Structure formats: structure tokens, C-alpha cells
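Protein chains in written order, with this note's numbering: chain L, 1 to 229; chain R, 1 to 216.
Worth flagging that the hints you see were computed from the coordinates, not collected in a lab. Hints are all accurate, no fakes.
Within a straight-line C-alpha distance of at most 25 Å, the following computed DSS-like cross-link-like pairs (lysine-lysine) qualify:
| # | chain 1 | residue 1 | chain 2 | residue 2 |
| --- | --- | --- | --- | --- |
| 1 | R | 211 | R | 7 |
| 2 | R | 211 | R | 71 |
| 3 | R | 110 | L | 183 |
| 4 | R | 71 | R | 136 |
| 5 | R | 98 | R | 110 |
| 6 | R | 211 | R | 137 |
| 7 | R | 136 | R | 211 |
| 8 | R | 137 | L | 99 |
| 9 | L | 99 | R | 136 |
If you're wondering where the values come from, they're calculated on a predicted model, not measured in any experiment.
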Amino acid sequence: MFVVTLFQSNSRMAKIGPLIQRFAQQELRNSNAIFSLGLYLVGITYLIYLLGGQNASDSTWNTLLWIVVFFGAINQASRSFEFESGDYFYYYQTIAGPKTTIIAKLIYNSLYMLLLSAAAWALFSLFYGNSVYNPAVFALGLALGCVGFSAILTLANGISERSGGNATLSSILAIPLTLPVLKIVSAINIQAMVGAPLEEVYELVGSLFALDIAIGLLAYLLFPYLWQD
Amino acid sequence: MTGRIYKALGVALVLYSLIYGLLTSVPDLPIIEQSIRNLFYHVSMWFAMVGMMAGSFGNAVGFLRGENLSKDRRSESLAETGMLFAFLGLFTGMMWAKFTWGAWWTNDPKLNGSAITILIYLAYFVLRNGIEEPRKKARISAVYNIFAFVMMIVFIGILPRMTDSLHPGNGGNPGFNSYDLDNRLRMIFYPAVIGWILVGTWIASLRYRIKNLSQS
Numbered sequence: 001m002f003v004v005t006l007f008q009s010n011s012r013m014a015k016i017g018p019l020i021q022r023f024a025q026q027e028l029r030n031s032n033a034i035f036s037l038g039l040y041l042v043g044i045t046y047l048i049y050l051l052g053g054q055n056a057s058d059s060t061w062n063t064l065l066w067i068v069v070f071f072g073a074i075n076q077a078s079r080s081f082e083f084e085s086g087d088y089f090y091y092y093q094t095i096a097g098p099k100t101t102i103i104a105k106l107i108y109n110s111l112y113m114l115l116l117s118a119a120a121w122a123l124f125s126l127f128y129g130n131s132v133y134n135p136a137v138f139a140l141g142l143a144l145g146c147v148g149f150s151a152i153l154t155l156a157n158g159i160s161e162r163s164g165g166n167a168t169l170s171s172i173l174a175i176p177l178t179l180p181v182l183k184i185v186s187a188i189n190i191q192a193m194v195g196a197p198l199e200e201v202y203e204l205v206g207s208l209f210a211l212d213i214a215i216g217l218l219a220y221l222l223f224p225y226l227w228q229d
Numbered sequence: 001m002t003g004r005i006y007k008a009l010g011v012a013l014v015l016y017s018l019i020y021g022l023l024t025s026v027p028d029l030p031i032i033e034q035s036i037r038n039l040f041y042h043v044s045m046w047f048a049m050v051g052m053m054a055g056s057f058g059n060a061v062g063f064l065r066g067e068n069l070s071k072d073r074r075s076e077s078l079a080e081t082g083m084l085f086a087f088l089g090l091f092t093g094m095m096w097a098k099f100t101w102g103a104w105w106t107n108d109p110k111l112n113g114s115a116i117t118i119l120i121y122l123a124y125f126v127l128r129n130g131i132e133e134p135r136k137k138a139r140i141s142a143v144y145n146i147f148a149f150v151m152m153i154v155f156i157g158i159l160p161r162m163t164d165s166l167h168p169g170n171g172g173n174p175g176f177n178s179y180d181l182d183n184r185l186r187m188i189f190y191p192a193v194i195g196w197i198l199v200g201t202w203i204a205s206l207r208y209r210i211k212n213l214s215q216s
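Only chain R is shown next, with the shape it has when bound in the complex:
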């Protein structure tokens, strides 16, 4: 029953943010203009990705504590779902950058951070594929997962704050907190983040169940 509630809530919040994000009035700012609506579709992807990776990290720690293989399957499923959000975030960001900055890709600390994150987790999947024995695979990839998550947080959370970014809200660019109407944006942005995290959990739980079936 609780499973149904969170899935329904996730779908409702995502639908709300998708539809209402297009209908609501947004502050009229130079350069960004209507593309500010990408806040609901692009930024929420990164929040959902960090949420999935944090779940994956938590399950990796849990595996090392108890050597329970189902935790390892959960950890892998969450990392896979996180990768999905990473690619969606990259895609929506590139579309936005082409129309706002005039280029698909720029040398921006946040872009570098997301590229490195994707490389780190692709290496995680390469590592997993290289080991046959399930318990050994789980233990070694959990070690790498914990290390990788900490380095990812350093790269996307701390480094961009040390240098200027082209992103709104950085380096003197108008940002989320400086808008007069920021509360209207928040009313859609926060539900979008929560909704996508719930939907991501659903996707990960489906992948987890598929893995369980293919094991037995």
C-alpha cells in the first residue's frame, strides 16, 4: 500500500511540474527570458541524480557492514537510475545552453563536474562487469562506490563554488534567489525535485526486482 502511495505521489508531482511549469508566469529577465522554465526540467534532474547516487552509496555502505547481496543489487540499480538522470540532465542542459549561451558545450565548472561524474560511474560499471564471483564483485564495487561518491560530491559540490560559473546565480549572473517572483518558481521546482526522486526510486525498484528474478 505504501508502495502505491509514493508512486502515485511521484507521478502526480512530476505531471504537476511538467504541465504547470509551462503555464505559470515567470519573471522576465534579459538573456534567460522564457528559457528560465528549464529550471523545472533540467536542475531537477541533477537533484534526482544526486539523490539516486546517495542511495547507491548508502546501500554500498550497508553491504560492507552486513555482506547482504540484496543491498548490492539495490546499490547497482540506484546507480543505473542515477546515470539515466545524469544523461537526461546533460541533454536538457545542452539544449538550453545552445539557445542561451550559443554553444552546446562550454568550459564551465558545473559542466566539467557532470562530465566527470558520468566518467566515474561508467568506470564503476566497467569494474562490475570485470569480476565474476558475486560476493567479490559486490565487495570491491562497494569500496569503489563509496570512494567515488565522496569524490563526486567534492567535484560537483565544492569546486564550482571556488571558481566563477556561467550558470544563473553564479559569477554575478541573475539567479534563483535574486528573482522578485522566486516563490512562484520554488512552488514548482521543489515539487519537481521530490517527484523525480520518487519516480527514480520506482524505476530503481523495478530494476532491483528484475535483478532478483534473474538471480533465482
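Next up, chain L with everything else stripped away, as it sits in the complex:
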């Protein structure tokens, strides 16, 4: 069914929807992976709680949240291309081509990261109380951060997957690259926690948005070179 839909649709845009659906199906079939990610989130949040996280100040709360999201994202993204290695690589190249695949992958991974960070935020609120004063700005920062984050992690994982490297290599590549995004996001989040209105973080949100677009564009342009064999 999936293959038929892909072959019937000629335009690139029409192929993205079915591809994302396909990625989601693969993820759902492998329910053990989702279960272990959820267990990681609950476990690490409770561990921080036991170590005194409920007394954390605003900036510590924010830092802890991002560390939890960061390692969850690395864990998720490290499996990002396991279906695309080996025979699946040729399969996707035949039915969709690299440019369509990377767009679908970027959208899918961004959505996945949004769910992950929303779950982390909910867990943090449950255990330590929600110390965010302006949730709308906080959510906006989190969402934009997730998009940039997942784009960097997707490309880094593509690189480490193609170079036949291990999971450590993708972390080594991704960690320094994610820092510009992390730095701006945490600045927005701190502002949201002390209750700054949107107008005051307008510049930060704008620059994060521009950075996201630049990262996404680079990933889109560079991915086809990665996919040559």
C-alpha cells in the first residue's frame, strides 16, 4: 500500500506525508524503543527528584530539563537511521530519493522531539511544580529549540551512520554543534520563567527562528552528498 502510494505520486511534496507515516509505523512496531525512552524519562526525572531537584532554582530547573531532553534526543536520534542502513538505504533511495527523505525525516524527528520535550516538561511539572510564569513563551522557545536540535542530530546521525561509526561518534559530532541552539533556547526559557512578555524576547525568538531555518536548509542541501554511494 505504502509503496503504491509513493510510486503513484510524482511530486516531491506528495511523497512526504506517506514517508512520515511510514517512519511513525516503524517506530510504533518497535514498541520496546518507545517504552525504554519513556522509562528513561521517568527514571531520570525521579532520580533528580531524589537528589533534591525540587529545591532547584529557576536556572537549575531549566538546565536540568534541557539535560534530560538532550540525552533523550540523542538516544532517539541514534536510532534514527537504523532503518535506513543496509538494504533499506537502497529501498528509500529508489522510492523517494535523498531530498524527499531528508525533509520527511526532519519533520518526523522534529515532531518526535516536540513530544519528548513536552513529556519532560510535564514530568518536571509533576515532580517539582511548574515554575514557568509565561508558558506560551516557554513552549515557543522549546518548540523552536526542538526543531533546530532535531535537524542537527539528524545530520550528525546521518554522518556517523554513513561513516560506519558507533553511537559515540554521533554524540561527539552533535554536542558542540547544538550549543548555539541550546544557548539561545535557555536564554528564552529563563526569560519565560521570570515572566517576561513576548515583546521582550522577540529578538531572541527571531534569531532562533533564523538559526533553525539556516540549519534546516544546510541539512537539506548537504544530505544528498551523504547519500551517494
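Go by the hints and put chain R onto chain L.
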């Protein structure tokens, strides 16, 4: 012949900035005082590093366009030379910070930027060492190089301007442009930057030739 001219010019400019930088009179400012001369030795390292990394980036783009392996060797040589300048810039900066700020390392956006840059390019060399096949190595590391260069420019060029820095010229500290005698400083600083970039190009070209020989 042109090769000799740029090398001679590079050496002359570097020698000029090294010697004249110590002899010239500098504006007498509080706290910085005579350590302002580090402008010639420290800041020029970062300019030279960004120049080398830009060259490395350009050659990475060139490789992806034409799949010419010599471009990849150029790109790697320039990145290695850039790392040399990064460590020299870090070292001269730490010496200066100890005497001016009283600490070897502070949580300053520019310091974070340079530390991250070094991490990014060390990861680049780790990536290169992990791949055996030369064409694949060149292609994958070119992809990472292009991505890394853009993120480095964001980190060292844009982020420090959004927050205050302890560096001269930032956050109300007296800077390069506010000096009465800034033209005297400029007359040494700009030649130093150009000289170090030329010397860096020379170092990179030597490394490139060594790589060519070890290939054949």
C-alpha cells in the same frame, strides 16, 4: 615567483608587528595598561584562525562540487593550521586574562565560543580518522566541515554580541575604537592579521605538499 612574494611579505609583516608592537607607544588606559599590546599577538590569532577555517570551508565546498581529492587535502591542511592558531590564541589569551582579569579562564561568551570551536574541529579530525576509504572520507568530512563552519560563525560571530563580554570593547569596557590613539594601534594590528594569514597559508601549503607526497 608569486609564492616567494607572499611568503616574504608574510614574514616581513609578522616581524614588523612583533617588533614594532613592543616599541610603539600605546594609550595609557586603566586596568589594561601595557597589556593592550596583546591586541597585536592575541586578537590576530583569531582572525588568522577564522581565515584558515574559511579556506578549509571553501575547499570543502569545492570538493563536493568536483570530487577532486586534492581539494580535500587542502581542506584538511587548512583546518589543521586553523587549529594551531586556535591553540595559540587560547594560550595568549589565557596569559593575558591571568594578568588583567586575575583568572586563567572565565565564563565569557568569547571564551566559550573559542572552546566550542576547538571541540567542533577536534570532532572533525576524529571523524576523518574513522573512515578508511579516501573518497568517502572526503565527502563525509566535507559535509561536516561545511555544517561546522556555519555553526562556528554563529557561535563566535553572533552570540557574543547578544550578551555582555568582559573583553575590551564589550559591555562598557574601553575598546579598540574608543581609543584616542587607535590609528597607531591599527597600523600594527592590521598588518599583523594579514601577515599571520599569509604565514598560515604557507604552513598549510607545506602540510598539503607533505600529504601529496605521502599519497603517491
